[in-house]
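Peer 1: Numbering-wise, the numbering used here puts 132 at position 130 of the sequence shown, and it's gapless, one number per residue.
Mixed in with the good hints, there may be bad ones.
Claimed, not checked - Mimicking EDC-like on lysine to aspartate or glutamate, the simulated pairs with C-alpha atoms at most 16 angstroms apart in a straight line are: (1) K291 to D333; (2) K291 to D255; (3) K291 to E237.
Source of the hints: derived by calculation from the structure; they are not laboratory data.
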Amino acid sequence: MSGDRYTVISADCHAGADLLDYRPYLEARHHDAFDDWAATYVNPYEDLLADTADRNWNSGRRLAELEADGIVAEVVFPNTIPPFFPSASLMAPAPTREEFERRWAGLRAHNRWLADFCAAAPGRRAGVFQILLNDVEEAVREIRRCAAAGLTGGVMLPGTPPGSGLPELYSAAYDPIWDACAELGVPVNHHAGSASPPLGDEPAARAVFMVETTWFSHRALWHLVFGGAFRRHPELRLVLTEQGSGWIPGVLDMLDYYHARLVAAAARRSGAGTAESKFGAGLAESMGKGPSEVWRDNCFVGASFMRPHEAALRDRIGLDKIMWGSDYPHDEGTHPYSREGLRFSYAGLPRDEIAAMVGGNAARVYGFDLAALGRVAARVGPTVAELAEPLKEPPADATSPVFATGGSVRVW
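Let the hints inform the model, and build the full structure from the sequences given.
Peer 2: Listed below in structure tokens is the structure:
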């Protein structure tokens with residue numbers, strides 16, 4: 003808060019370099035291969051070919067548009083095509099053994115570009131850097147390098163969808179990654195879309211993707227919980243972004259139920275040899291705390307374009323866990339109607355609760371300086387009175403699902 007204005011930090015924005023602008027950030031030994039690849043690559047994304055594509059890399063335009071939308075700082079996830087990738091890295095399948103070296107070089111080029119992009123707006127951007135899980139030692143080295151380079155948004159955890167050939171996220175193989183992140187205070191971010199298996203391009207496949215993609219992303223939560231990552235690394239922080247938030251209370255209830263049931267079955271001497279005792283064997287020792295306790299102590303949600311029925315669950319989700327996001331510059335995001343989106347979801351709530359969800363929590367997780375940002379918010383932030391006024395009609399040309407009807411039926 004800054005006087006009568008909210009300090010709004012978007013915990014979910016996206017950026018990346020234009021294709022050829024990644025070249026200077028690649029090691030020189032990859033330049034010839036990059037030139038050959040870029041000469042024939044056809045970008046499959048309409049929004050990255052449109053006149054507005056420079057929102058991804060034009061620092062001045064980006065700051066101006068976010069400020070006009072009432073936003074003073076952002077957590078920056080990737081968006082454009084890194085070198086040697088077939089698609090945006092968020093959705094790309096895990097590389098094959100033959101693809102790994104060049105893909106890894108491409109992601110590191112993005113991370114270097116991102117450090118410069120964040121440095122162009124000091125204190126206003128927390129960049130989320132990228133790794134691959136194919137080589138854990140390389141991933142740990144990159145985590146340490148990016149943290150030292152000032153990328154405060156943490157690491158983006160890739161998914162391990164069926165068919166990826168990678169160990170599941172509950173595997174102890176990833177312990178060096180969790181250890182480095184816990185030691186350095188690096189948040190582990192898992193963004194929707196990064197864990198879905200390829201489904202093809204038929205109409206049914208696209209619809210199935212929309213139904214399933216958040217569920218595949220949620221899997222990171224129970225994989226790390228049941229895998230004991232938080233017992234072995236109690237300082238580890240997990241952020242689940244752009245996956246909704248209304249699912250969290252019900253899923254935590256379900257995870258608690260299975261945890262209690264399986265642990266109890268394993269502990270009962272009379273249950274020895276039963277199916278449930280086998281499924282629960284060793285679970286209590288490997289996990290330590292139960293799922294809801296882990297959520298309370300270690301987890302957060304990047305609640306992109308949070309909707310009214312989700313805001314009503316804020317106490318069950320955890321008011322200190324929720325970080326609102328605009329999803330700029332995506333068309334499903336709230337730009338240029340973030341003020342209206344905030345009014346639609348939060349009007350009538352206590353101002354201290356709104357302040358926490360729209361900025362305070364993100365500042366704590368990603369290390370933003372609220373006092374410094376408050377000086378910007380005093381100029382551009384939405385006023386307390388503005389967000390207190392219920393929105394009667396959504397903007398006619400708004401494209402964000404925050405304004406859509408029927409969202410309360412969502413089960414995950």
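Peer 1: Confirm or reject each hint.
Peer 2: The hints, checked one at a time:
no., hint, in the structure
1, K291 to D333, "40 angstroms, violated"
2, K291 to D255, "14 angstroms, holds"
3, K291 to E237, "14 angstroms, holds"
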